[in-house]
Every structure is written in structure tokens, then in C-alpha cells.
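Asks: Spelled out from the first residue to the last, the chains are:
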Amino acid sequence: MRLGAGLPWLLFLAAVGWGLLAEREQVRVGRPWTFIAPDLATGLALVAAGLLVWGYRRDNRCWWLLVAAGFTWFIGTFQPSVNDHIALAAFAFGSWHGVFVVWAVLAFPTGRLPARLDRLVLSMAIVLVSIRSLSRLFLFVPPDVAGYGSENRFLPITDGRWWRVIEDAFEVGYPGVLVLVLVSLAIRWLKSSAPGRRMLSPALFAGFAFAAAVAAESWMGWNAAILGTPIAYLRFWALAAVATALAYGLVRLRRTRSSVIDLVGELGRDAPPARLGAALRRALGDPGLILLSWSAAAGGYVNERGEPAEAVPEHPHRAVTLIAHRGQPLATLVHDIALLEDPGLVGAVVAAVRLTIENERLGAELQSQLDEVAASRSRIVAAGDAERRRIERDLHDGAQQRLVTIALALRLAETRTGDATPQIRAVLARAVEDLGAAIDELRDLARGIHPAVLTESGLVAALTSLADRSPVPVDLHLAISSEPPNAIAAAAYFAAAEALTNVAKHSYAKQATVHAGFANGAIRIIVRDDGKGDADSGQGTGLRGIADRAAAVGGTLRIHSPPGAGTCVEVELPCVSS
Amino acid sequence: MGRTVVIVDDQPAFRRAARKLLEADGFVVIGEAGDAASAVIVARELRPDVLLLDVRLPDGSGVDVARAIRAHPMPPVVVLMSTGDYRHATRGCGAAGFISKAQLDGRALRATMAAAP
Numbered sequence: 001m002r003l004g005a006g007l008p009w010l011l012f013l014a015a016v017g018w019g020l021l022a023e024r025e026q027v028r029v030g031r032p033w034t035f036i037a038p039d040l041a042t043g044l045a046l047v048a049a050g051l052l053v054w055g056y057r058r059d060n061r062c063w064w065l066l067v068a069a070g071f072t073w074f075i076g077t078f079q080p081s082v083n084d085h086i087a088l089a090a091f092a093f094g095s096w097h098g099v100f101v102v103w104a105v106l107a108f109p110t111g112r113l114p115a116r117l118d119r120l121v122l123s124m125a126i127v128l129v130s131i132r133s134l135s136r137l138f139l140f141v142p143p144d145v146a147g148y149g150s151e152n153r154f155l156p157i158t159d160g161r162w163w164r165v166i167e168d169a170f171e172v173g174y175p176g177v178l179v180l181v182l183v184s185l186a187i188r189w190l191k192s193s194a195p196g197r198r199m200l201s202p203a204l205f206a207g208f209a210f211a212a213a214v215a216a217e218s219w220m221g222w223n224a225a226i227l228g229t230p231i232a233y234l235r236f237w238a239l240a241a242v243a244t245a246l247a248y249g250l251v252r253l254r255r256t257r258s259s260v261i262d263l264v265g266e267l268g269r270d271a272p273p274a275r276l277g278a279a280l281r282r283a284l285g286d287p288g289l290i291l292l293s294w295s296a297a298a299g300g301y302v303n304e305r306g307e308p309a310e311a312v313p314e315h316p317h318r319a320v321t322l323i324a325h326r327g328q329p330l331a332t333l334v335h336d337i338a339l340l341e342d343p344g345l346v347g348a349v350v351a352a353v354r355l356t357i358e359n360e361r362l363g364a365e366l367q368s369q370l371d372e373v374a375a376s377r378s379r380i381v382a383a384g385d386a387e388r389r390r391i392e393r394d395l396h397d398g399a400q401q402r403l404v405t406i407a408l409a410l411r412l413a414e415t416r417t418g419d420a421t422p423q424i425r426a427v428l429a430r431a432v433e434d435l436g437a438a439i440d441e442l443r444d445l446a447r448g449i450h451p452a453v454l455t456e457s458g459l460v461a462a463l464t465s466l467a468d469r470s471p472v473p474v475d476l477h478l479a480i481s482s483e484p485p486n487a488i489a490a491a492a493y494f495a496a497a498e499a500l501t502n503v504a505k506h507s508y509a510k511q512a513t514v515h516a517g518f519a520n521g522a523i524r525i526i527v528r529d530d531g532k533g534d535a536d537s538g539q540g541t542g543l544r545g546i547a548d549r550a551a552a553v554g555g556t557l558r559i560h561s562p563p564g565a566g567t568c569v570e571v572e573l574p575c576v577s578s
Numbered sequence: 579m580g581r582t583v584v585i586v587d588d589q590p591a592f593r594r595a596a597r598k599l600l601e602a603d604g605f606v607v608i609g610e611a612g613d614a615a616s617a618v619i620v621a622r623e624l625r626p627d628v629l630l631l632d633v634r635l636p637d638g639s640g641v642d643v644a645r646a647i648r649a650h651p652m653p654p655v656v657v658l659m660s661t662g663d664y665r666h667a668t669r670g671c672g673a674a675g676f677i678s679k680a681q682l683d684g685r686a687l688r689a690t691m692a693a694a695p
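Chain order of the listed sequences is U and X. The numbering of the first sequence is our numbering, which starts it at 1 and goes up by one. The numbering of the second sequence is our numbering, which starts it at 579 and goes up by one.
Certain hints may be false.
Said to hold, decoys possible - Chain X stretches covered by chain U per the calculated footprint, using a threshold of three residues with CB under 8 Å from any CB of chain U: (1) 604 to 615; (2) 620 to 628; (3) 631 to 639; (4) 645 to 652; (5) 674 to 685.
Calculated directly from the structure, the hints in this document are not laboratory data. Only a predicted model underlies this, so the values are computations on that prediction, with no experimental measurement involved. Where is the CB? At the ideal position from N, CA and C, for every residue including glycine.
Assemble the whole structure, with the sequences as input and the hints as a guide.
Replies: Okay, structure coming up:
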């Protein structure tokens with residue numbers, strides 16, 4: 001059944017109207033406000049408690065039982081009505097609120113009556129109240145008692161003894177039902193541990209108070225209550241207390257749910273599985289809760305200390321809740337059985353635990369994959385560097401050497417061509433010149449592939465060589481006391497080389513500076529120029545390549561290049577100075 | 579008699595070409611070596627005027643050889659050479675200068691020796 005959000009307010013307004021209509025009859029006969037106010041408050045408290053339950057769990061029948069108890073509560077209040085039919089109905093059906101209250105208390109907090117004793121007690125209450133209603137409808141009731149001023153009009157019975165017998169039986173039987181209700185509550189309370197008792201305690205105490213009030217009323221007699229003695233007020237307040245207690249029990253349950261919401265937040269923030277058990281115990285208020293995690297390595301469950309453990313309740317009042325994901329066991333909770341009375345609560349906790357463990361697993365998996373990607377990227381860069389070194393070495397040992405040797409041979413030939421024609425000497429000179437240019441180009445190519453000076457003489461020599469070759473004058477400030485690892489040195493070198501290339505090509509700078517040194521476990525290369533600035537790191541692949549290379553070794557690249565104020569390229573690479 | 583020279587390079591073809599070129603320019607090549615260890619020994623034994631030393635040797639750096647030789651009594655004038663640009667490498671190792679291999683000849687060698695501090 002789908003009910004709108006405005007229904008509680010409509011029902012409550014209807015209850016207020018219904019109650020005021022009923023209390024008007026009491027006002028009319030001069031009943032004091034000290035009677036009317038608690039009478040009105042009790043009925044409304046029952047309705048309000050029911051609506052509170054509705055707001056919490058609409059599928060829990062406790063809500064309409066309490067609302068029904070509130071509305072039927074006011075039936076008896078119509079008894080002074082001048083309308084004989086209304087007065088008779090009020091007299092006959094004024095006790096039916098008791099059936100709904102008994103039902104609600106027995107079914108609290110789940111709305112169900114799984115125990116045979118509870119169903120028996122409710123049946124007794126229904127039978128007792130039904131018989132009383134029928135007797136008041138059809139048997140002769142003395143007019144001074146009935147209050148509506150006439151004899152019974154449905155059956156020609158004038159003997160008031162039958163009615164009295166039934167009334168006496170009710171006055172014994174109804175308190176007996178209340179005692180059984182209390183016994184049922186007490187048994188449930190005793191069987192529960194902390195969380196269950198927290199829910200049931202208010203209802204138990206209020207139930208005792210109500211039973212005591214009813215017992216006192218029965219002992220003193222119905223007429224005493226009708227006459228407005230303080231005993232009647234006690235019964236009212238006690239019943240209002242029962243309604244309040246039921247609502248309070250649910251609020252406590254809701255607080256537990258709120259703590260589960262807090263638990264989800266806490267788990268989302270930083271609770272590792274090691275602290276998950278403690279967080280669950282706190283959230284559910286169950287200090288005996290045990291969290292067992294499934295260990296694939298152990299082939300079974302392990303406790304929070306990592307020791308193998310059996311997922312069985314060690315006590316009759318403990319329950320086991322399995323937590324699985326796609327058929328795979330994740331964990332098991334051994335907890336207070338009372339928590340099962342709120343399947344939604346347990347479901348929320350199970351979901352939170354499942355999410356936490358699954359998140360932890362996914363997080364570990366993701367971290368592992370990220371680590372693998374980072375390691376793979378480092379390996380790719382290292383392999384690339386090694387390959388570049390090999391190519392450079394091959395060029396150096398092969399083509400460069402052969403060309404250099406040929407160049408020397410040609411120049412030797414030049415020295416021995418005294419009798420050759422000018423054309424031959426010119427050809428030779430041109431060949432020497434072209435060969436020199438080819439050697440220079442090959443040297444530059446090899447250096448671009450990998451700077452041999454870096455491998456052979458280290459980062460300081462390589463940066464010095466860079467500065468020497470730069471067409472823009474470079475001030476070097478090197479504070480490199482020890483050689484960083486190869487990958488770091490290569491990243492540092494290529495960053496400086498790319499930055500100085502950009503200075504020469506794009507900055508129109510007159511001067512550049514290169515700072516290099518260790519700071520906070522990292523090597524920092526800073527290349528500044530006094531050029532036009534406004535460098536765009538998004539253009540070209542050079543700086544992006546440097547950024548990628550820096551990232552591959554866990555480093556960062558920062559570029560500061562305001563228009564007209566030069567450019568500063570800063571590369572920081574994690575590196576422990578050895 | 580011209581200045582005596584020892585050529586240290588791991589490429590025999592280069593050593594041959596360099597020897598002929600320098601000898602054509604009046605130098606006397608009194609020895610050759612193909613690696614760093616041999617270079618130190620040859621320099622000590624032959625006591626050349628000039629040690630023409632490749633920077634990149636199979637078993638080490640010519641710069642290290644230059645440093646080692648600096649400790650010898652009456653060390654030769656060390657001139658580094660390479661196909662690459664190693665001008666900076668002369669600093670602090672006692673080398674008199676640097677010549678690109680492709681530019682090597684007697685005139686370049688004399689000029690380098692003359693410019694040495």
C-alpha cells in the first residue's frame with residue numbers, strides 16, 4: 001500500500017478533531033480539565049506513536065495498531081452523549097483500544113507475533129473485550145451505571161446479574177491478560193542482550209506502570225475511575241507512557257540506524273578492516289559482536305587477530321549473519337540475536353561491511369594495478385634508456401668511428417696531393433668538409449638519442465656540456481654531491497636539455513640559469529630565462545615528454561611563464577642522495 | 579726531432595690514420611694503446627711528449643687515465659679527443675685540451691698544446 005507523505009498529518013488532525021469532539025461531551029457534563037486533558041493527551045499520544053512508527057517502517061503493523069488504539073480510545077469518551085445510540089456505542093465499545101494496545105505491545109517492535117504465547121494472549125484480549133461489548137449491548141445494565149438513562153433496548157432482559165457476572169469476569173480477566181503481556185515482554189527482555197533490551201526496556205517499564213494503574217483501578221472499582229479520582233488519571237498517564245515508550249524504543253532503534261549511517265561514513269573515511277569489528281560493535285551497541293573475515297589463504301574464517309575461527313554462535317542468544325558477494329563468502333558476524341528483529345538494520349550493516357571489505361579488496365587491487373602500471377612505466381622508460389644507450393654506443397663505435405677514420409684518411413690524402421690538379425684538391429677539400437658536417441650531424445644525432453657524457457661522466461658533466469653548447473649564455477649552479485640513479489639522471493638531463501632548447505628556440509632570452517641540487521630527498525632542476533615568457537606547455541611534445549618521463553620516475557614538472565617575465569621550468573624527481 | 583706522441587684509442591683503424599696524419603705533420607708516434615690500463619703503462623714506459631687520449635675507452639674513461647698520469651713524474655701533455663664534445667672534460671683532470679677526432683691533425687694538435695695553460 002502506497003501512502004502519501006501527508007497522511008500522518010491528516011490522520012493526526014483527524015485524531016485531534018475526533019478527540020475534541022469526544023471531549024466536548026465530557027465538558028458538557030462538567031468533567032474537570034484535570035480529567036479531560038490527560039484523556040485527550042493519551043489518545044493523541046497513541047496516534048502520534050503510531051504515526052512515528054509509520055514514518056520509520058510503513059510495513060510494520062504496529063503503526064496502525066497504535067493509531068487504531070488512539071482513535072478507539074476516544075470512543076469511551078462519548079459516553080455522556082445525550083444521544084442514546086452514541087452513548088450506548090461508547091459504553092459498549094469503549095474498551096476496544098485495549099485490544100489494539102495489547103496487540104501493539106506484543107508485536108513490538110517488528111509488528112509480528114511469532115510466539116504462540118503472544119497469539120494466545122491477544123486472542124484472550126479480543127475474546128474478553130468482545131464478550132464485554134456484547135454484554136453491554138444486549139444485557140440489562142443498570143441505568144446509573146450505563147449512564148445513558150435507559151434499559152437495554154435490544155433484548156428483553158431485565159436481570160442485571162448476568163451483566164455483572166460478565167463485568168466481574170472482565171475485571172479479573174483483563175488484568176490477567178495484561179499480566180501475560182508483561183510476562184511475554186519480560187521473557188523477551190530476559191532472552192535479549194544489550195541491543196534488544198535497549199529497545200524493550202521502555203515498553204516493559206511503561207507496561208508495568210500501566211498494569212499497576214489498571215490493577216489499582218480494578219481494585220478500587222470502575223465507578224471510582226468514572227468519578228474522576230486520581231486513579232483514573234494514573235491509568236491515562238500510564239497508557240500514554242506505554243505509547244511514548246513504544247515510540248521511544250523505536251527512536252532508540254533509529255538511533256542505532258543513525259549510528260549505522262555514521263558507521264558507513266566512518267568506514268568510508270578511514271576504517272581499515274582491522275578496526276571494522278570495533279566500529280561495528282560501537283555502531284550496533286553490541287560489545288560481544290565478533291567479526292570473522294574469510295581468508296582464502298586459510299581456507300576459512302579468521303578472527304580479528306588473524307586466527308582461524310568457526311562461524312558458530314557460542315551462546316543461544318547470539319546469531320550468525322553471513323556476508324557474501326556474488327556467492328563468495330566475505331565475512332561473518334556473530335552478534336546479538338535481538339538485532340535480527342530489525343532486518344533492515346542488519347541488512348544495512350551487512351551492506352556496509354560488504355562495501356567496506358569489497359572496497360578494501362578493490363582498493364588493494366587498484367593500488368596493486370597502479371603500482372604495476374607505475375613499475376611498468378618505469379621499466380619501459382628504463383628499457384628505452386638502455387636501448388638509446390645501445391644505439392648511441394653502436395653509432396659511436398661504428399659509423400662515427402668509420403667516418404672519423406675516413407676523414408683523417410682524406411685529410412692525409414690532402415697533404416699528399418702536391419702534384420694533383422686544383423680540381424682534384426678542390427674535390428678532396430669538399431669531401432673533407434662534407435664529411436666533417438656529416439660527422440657533426442651524426443654526433444648531434446647520437447647525443448640526442450642518449451648523451452654518452454651522462455653515462456660516462458655523470459650528471460654534472462652532462463649539464464655542464466649542455467650549458468657549453470647552448471647558444472644562449474647559461475649560468476650553472478650545480479650542487480649535486482652524488483650521482484643519482486640512471487633513470488633519475490636521464491630524466492633530469494633531458495628536462496634541462498629540453499628547457500634550454502626551448503630557451504634557444506622560442507624565448508628570445510639573453511641569459512639563462514640552471515640550478516640543480518638535492519632537496520627533501522629529491523633532485524630539483526630549475527631552468528630560468530629572461531625571455532618573453534608566455535610559454536605554453538600544451539604546445540609541442542617536448543615538455544609533455546619531459547612531464548611523462550618525470551612522472552615515470554614519480555616526479556613532477558612545473559612551468560611558470562608569465563608574459564614578458566621569462567620562463568621557469570622546474571622538475572622535481574624523487575631521489576635519495578647516496 | 580719532432581714531438582713524440584702516444585695515441586690511445588680502441589679503434590686500430592683510427593690509430594693507423596692518426597699516426598700517418600701526425601707523422602706527416604712532423605710528429606713522431608712512439609706508441610699506441612687500445613685501452614685505459616695499457617695507456618697508463620705505455621705513458622709511463624715510453625714517456626711521450628704528448629698523450630693523445632680518447633675519452634671513451636673500453637675499460638674506462640680517458641679522463642680517469644689523465645688524472646692517473648698527472649701523478650707521474652714528468653707527465654706528458656695530455657690531449658683528450660672524442661667524436662663527441664668533451665671540451666668540459668678537460669677541467670680538473672690535468673688535460674691540456676680537447677680535439678674533436680674529426681679535426682685531428684698536426685696543426686690542431688700544436689694549436690691545442692700552445693693554448694694549454
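Asks: Output the indices of the hints that this structure fails to meet, ascending.
Replies: The structure conflicts with hints 1, 2 and 4, although it agrees with all the remaining ones.
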